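**Student:** Now that you have both chains on their own, put them together as the hints suggest.
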Amino acid sequence: MSSVSSGMIGRSTGDRIVLALTIGMAIVMMAPIAWVVALSLKDNKELMTDMNSVFHAPYTIQNYINILATSSVFRWILNSVIVSGVLTILTLVLSSLAGYGFARLNFPFRNALFVLVLLGLAVPEQAVLIARHQLFSWLKFHNTYHGLILPGLAAPFGVFLMTQYFRAIPRELDEAALLDNASRFKIFWKVLLPLTLPAQATLGIFTFLSSWNDYFWPLISGTKKEMYTLTIGIASTQTNFAQSEGLGFLMSQAVFAGAPILILYLFFQKYIVTAVSGAAVR
Amino acid sequence: MTAHIEILNVSKRYGALTVLDGLSLSIKANEFMVFLGPSGCGKSTLLRMIAGLESVDEGTISINGQRIDTLPPGKRDIAMVFQSYALYPHMTVADNMAFGLRNINMPADVISARVAEAARMLEITHLLERKPGQLSGGQRQRVAIGRAIVKEPKAFLFDEPLSNLDAALRVRTRVELAQLRNRVRSTMVFVTHDQIEAMTLADRIVVMNNRKIEQIGTPMEIYSQPASRFVATFVGSPTMNFLRVSLSNQNGFARATLPDGTELQTSIPLESIDGSEHSIGIRAEAIKRANGAAATTTGKVDVVERLGDRTLLYTRLREGSIIVAEDIGNSRVAIGDEIALSLDGMRAHLFDSSGRAWHNQEASHG
Ligand SMILES: Nc1ncnc2c1ncn2[C@@H]1O[C@H](COP(=O)(O)OP(=O)(O)OP(=O)(O)O)[C@@H](O)[C@H]1O
Ligand SMILES: [Mg+2]
Numbered sequence: 001m002s003s004v005s006s007g008m009i010g011r012s013t014g015d016r017i018v019l020a021l022t023i024g025m026a027i028v029m030m031a032p033i034a035w036v037v038a039l040s041l042k043d044n045k046e047l048m049t050d051m052n053s054v055f056h057a058p059y060t061i062q063n064y065i066n067i068l069a070t071s072s073v074f075r076w077i078l079n080s081v082i083v084s085g086v087l088t089i090l091t092l093v094l095s096s097l098a099g100y101g102f103a104r105l106n107f108p109f110r111n112a113l114f115v116l117v118l119l120g121l122a123v124p125e126q127a128v129l130i131a132r133h134q135l136f137s138w139l140k141f142h143n144t145y146h147g148l149i150l151p152g153l154a155a156p157f158g159v160f161l162m163t164q165y166f167r168a169i170p171r172e173l174d175e176a177a178l179l180d181n182a183s184r185f186k187i188f189w190k191v192l193l194p195l196t197l198p199a200q201a202t203l204g205i206f207t208f209l210s211s212w213n214d215y216f217w218p219l220i221s222g223t224k225k226e227m228y229t230l231t232i233g234i235a236s237t238q239t240n241f242a243q244s245e246g247l248g249f250l251m252s253q254a255v256f257a258g259a260p261i262l263i264l265y266l267f268f269q270k271y272i273v274t275a276v277s278g279a280a281v282r
Numbered sequence: 001m002t003a004h005i006e007i008l009n010v011s012k013r014y015g016a017l018t019v020l021d022g023l024s025l026s027i028k029a030n031e032f033m034v035f036l037g038p039s040g041c042g043k044s045t046l047l048r049m050i051a052g053l054e055s056v057d058e059g060t061i062s063i064n065g066q067r068i069d070t071l072p073p074g075k076r077d078i079a080m081v082f083q084s085y086a087l088y089p090h091m092t093v094a095d096n097m098a099f100g101l102r103n104i105n106m107p108a109d110v111i112s113a114r115v116a117e118a119a120r121m122l123e124i125t126h127l128l129e130r131k132p133g134q135l136s137g138g139q140r141q142r143v144a145i146g147r148a149i150v151k152e153p154k155a156f157l158f159d160e161p162l163s164n165l166d167a168a169l170r171v172r173t174r175v176e177l178a179q180l181r182n183r184v185r186s187t188m189v190f191v192t193h194d195q196i197e198a199m200t201l202a203d204r205i206v207v208m209n210n211r212k213i214e215q216i217g218t219p220m221e222i223y224s225q226p227a228s229r230f231v232a233t234f235v236g237s238p239t240m241n242f243l244r245v246s247l248s249n250q251n252g253f254a255r256a257t258l259p260d261g262t263e264l265q266t267s268i269p270l271e272s273i274d275g276s277e278h279s280i281g282i283r284a285e286a287i288k289r290a291n292g293a294a295a296t297t298t299g300k301v302d303v304v305e306r307l308g309d310r311t312l313l314y315t316r317l318r319e320g321s322i323i324v325a326e327d328i329g330n331s332r333v334a335i336g337d338e339i340a341l342s343l344d345g346m347r348a349h350l351f352d353s354s355g356r357a358w359h360n361q362e363a364s365h366g
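Listed in order, the protein sequences are those of chains A and L. Be aware that the first sequence starts at 1, since it is given in the UniProt record's numbering, and climbs by one per residue. Be aware that the second sequence starts at 1, since it is given in the UniProt record's numbering, and climbs by one per residue.
So here's chain L without its partners, still in its complex pose (with noise of 0.2 Å):
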């Protein structure tokens, strides 16, 4: 049994200040979802109201159907993974997975079998008798999941549960989430700010800003067709590059002009544009080094960035802008190297100065 949660218009305040307002999303069963957002933009907040352990304001939140927003967090059927990961100090691991299953005089033998099944498939089993403060960070976060898994809930609830962690630990838990998704088929609903453990997790993310949703698509969706500018701003690393520009004609499809006049032809249909104060923005990988005739515009190297298998080029243009170009691995480009630039205006979007955004029409390679 997994949970499609329905959440309609939910606003929630403290005071004056409005943290979530009029928020609507659908939560497919067994879907991975990711909340993806700025530090303070209501992401823990929309989690836990879903939990329960925040009232709802206005709105309604459901669970196949059924209102769960009036009901008490453990009549939820959910579980939750906190960032801190809250386990009960004083307990044993292994209580501190039973301790829910107790609670609802679930019999002891089905209790012990859960708990066995669930340390195994984390491998803690090792670790059972131990109390949360003689673990490691990576064992606590595994008995926090172990936790939530036993109770076999309609829906798990992720609060930034990777951040914790140290770097190369942080990648390895990440692909084993991704392992463990496959063998707990259940809804997931995943917070958290670093868009790499989004991109990699999610089967949709939900990517929130100043107290709404921005875009809920797809990964490849967010990446390829931001929804706006902020998206393409938040989502993509190096960032992606923005520059002012002028549009033109040609044959009913928007033609970008640079500051430093380089002219950008888009497959964007001209009429669909309205608003003012366009820019374009484009990837970094969507500017390459061109030789010679290709060259759409010429700039001077202000830093290199060597990433192995690529290398990052922030490019002084004529007109004084700053844009970040990528080239091969073992690039032969100095700081102070005059370059010229191809800029693929296909693989570009349009903003207007409110932050909405047009994409090429066959916008699927970013």
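Only chain A is shown next, with the shape it has when bound in the complex (with noise of 0.2 Å):
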């Protein structure tokens, strides 16, 4: 942000349109979240008459004082909090130790199984529900947080980016720990895992991100309102007609509902832009 405001002085013309481009784009980007975030602070009333009552006063926080009075959102926040928190960590856990043990391990169908796992990031959500749907039921996993939590953790990208992070370190790094007397959970847990920190933080952003944000499972899995996660929750609020006449409601929702992985990005932005420019592995 400094840099734009430090001026168009000494750049070239190139440079402006680039710069001029960007902007363009962002405001394209931020138009309907702008929308969105005015739509929460009118009146349901007011909107149903004149839209463009959006563009001035009075606005109002009467929407998100609705949400909350809603007696159950913040049992969803905690469901949704636990259920991508568990997730997120159990994700982690588990695909470094896969990673680890497909990076640095021999051990017999080793090639063969990891060509298994990458077919798992082949295989769409729908195409198992219904198996895994019955299966829950069977088991009666319905309506419990591990019943939302396992799916989850069938990570395939998780155990493939864990795997080339660990390939990529040199195994002289091994050699010396080995040498320097660490045992083989020592290595792993004080030389090679250190050095992956910046995969956990973008594995465990894009766990966290899509856990919050899914709703296919958690409306399948989650039929009573105490273990809906927000947003399934915060969906089932919302009325017959709520495109018309609560349609700011319907805005201070999702507002709501986003929160949460708006602060998360704030706080690991530098990541999350390196995990999206692919620039994560070295």
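Calculated directly from the structure, the hints in this document are not laboratory data. None of the values given here were measured: they were computed from a predicted structure. Where is the CB? At the ideal position from N, CA and C, for every residue including glycine.
Per label pair, the in silico range of CB-to-CB distance: (1) A:Leu197 / L:Arg183: 30 to 40 Å; (2) L:Thr125 / A:Leu193: 21 to 31 Å; (3) L:Ser84 / A:Lys140: 53 to 63 Å; (4) L:Arg13 / A:Val81: 47 to 57 Å; (5) A:Leu197 / L:Gln83: 22 to 32 Å; (6) L:Thr70 / A:Arg110: 18 to 28 Å.
So the derived list for chain L, only partly shown, Cβ under 7 Å to chain A, looks like this: (7) Leu53; (8) Ala86; (9) Gly100.
In silico PhoX-like links for lysine-lysine, alpha-carbon gap of 25 Å or less: (10) L:Lys75 / A:Lys186; (11) A:Lys224 / A:Lys140; (12) A:Lys190 / L:Lys131.
**Tutor:** Structure (structure tokens):
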């Protein structure tokens, strides 16, 4: 940001064009979000009569107060935090262990197993949904935390990412540590794992985001109100005519559900940018 | 406590590829032993087998009489400096050096004393709190050596530790290693394919080629009595000259006749020589410009290489082969000149087609 405000002096024409385009893109991206936020701050009745009222006062936070007044909303936030948090931590643990194993251990069928894991990337959730639903209802896993968490733990992308990352670490580090009297676990924990922190951050953020935003599986598995995640819970409060008579409320729900993600983004901005630009692996 | 390392009939295979074949070698306590050989000859493999980073397929390795080839690397009381240094990137220099000591639960005050002492010796005290990423190549190299020193191991293993340094730093570090060696009395095994490193640092050199040991000896033995044509070719710069010769008898000693008819008298007993298709090997320093009468052969100068202290003359002999002769630093010879050369047969070596070597009887001066 500071480099933009530092002015256009000394920039080449090419730079200016790129800058203008970037600003244009940013506006295109930001406009719907600004629109949502603006709508969420308006009275629902007023919006029904005059959409242009968005552009002027009065604004109100009544819609947000109504959300917080929904008795279960904090329970839903808690559910989302538990599901996404536990899922993220377990995914990191499992992916790191599997990645280390694939990268460093010699065991029979290692390559075949790795290919099998990669094939997991090609299986869409919809394809296994009915089978999983039946399995979970037979196991009585529906409407439990583990029912919400377990499907996400099969994380082929995480295993793949961590395997590649461990492979990129020179083996001589393991060997130096071996000569330094470190046990296998110590080499993993003290030497290799700290070097994978950027990948851990990337994977952690992606896992948390996708789990937080997930709508499909929680909708199927969590059928009781107290087991709703935030996305399901918020959606459940919508009236039949939300698009017309409760537009402001609808938009405030969207903002509310997205806020934690925004906060997360602000904290981990640096890692997300490198993750998306694919530069995470040195 | 230093290590006497005994390597007995050691072999190493990767699948169908035999990398080392029944190799035996004894490294004395406190000795500075250099493994020298061309790329891919198995030097690193042998070193890593001593360290325990590669398994031993056949044979045994013992230190001070105790078999170690079945022990895990950490239990062998050995330290290794890697070519890439292999410093832990996320730890400070101090932590890099202390890591191995902490792993054996050494008291913290002993650890910090050792780290401080090694840092002082290597002049890296001011770097102790930095991470490896904030160091130059030379500084990293010192840290890697420091990490080995603090362990006070029975033996140090070095795998081409100087090869990542630029030429000037390489020479300086080489000298420092030689100095360090006098302060840290311990067995040192050093792998290199640089013959100057080998010659300057070693007590003894193991010349390796093609799965086998070609020769073990002091630098001067390797230089002046190469055990095979391979060793003669590999050690010494410029490379030894080789010329096909026929042998005749002169009072029991071999007299070699060059392709152009020039005759060289050696002091090699003729009856000791067998094999066929003999060549004579003679270093540039044993071929000088001759003044008239002493001339043994003549040729035309193709290339003049001025090294400052001496000049190398690539000379085409009458029958077509090129030999390198040595002249004084400010030689006036120019390309195209016809010059007369005297070849010192008493400093020559004979080889047969299988590469076996015979030396002059008082072959002490190459
Ligand atoms: N893990 C491995 N699998 C298969 N072959 C290997 C392996 N490691 C080494 N080799 C082979 O063993 C031979 C010896 O390798 P080594 O690394 O010991 O050579 P070196 O003498 O150290 O060479 P350089 O001077 O290039 O380092 C080479 O031909 C190499 O290709
Ligand atoms: Mg090597």
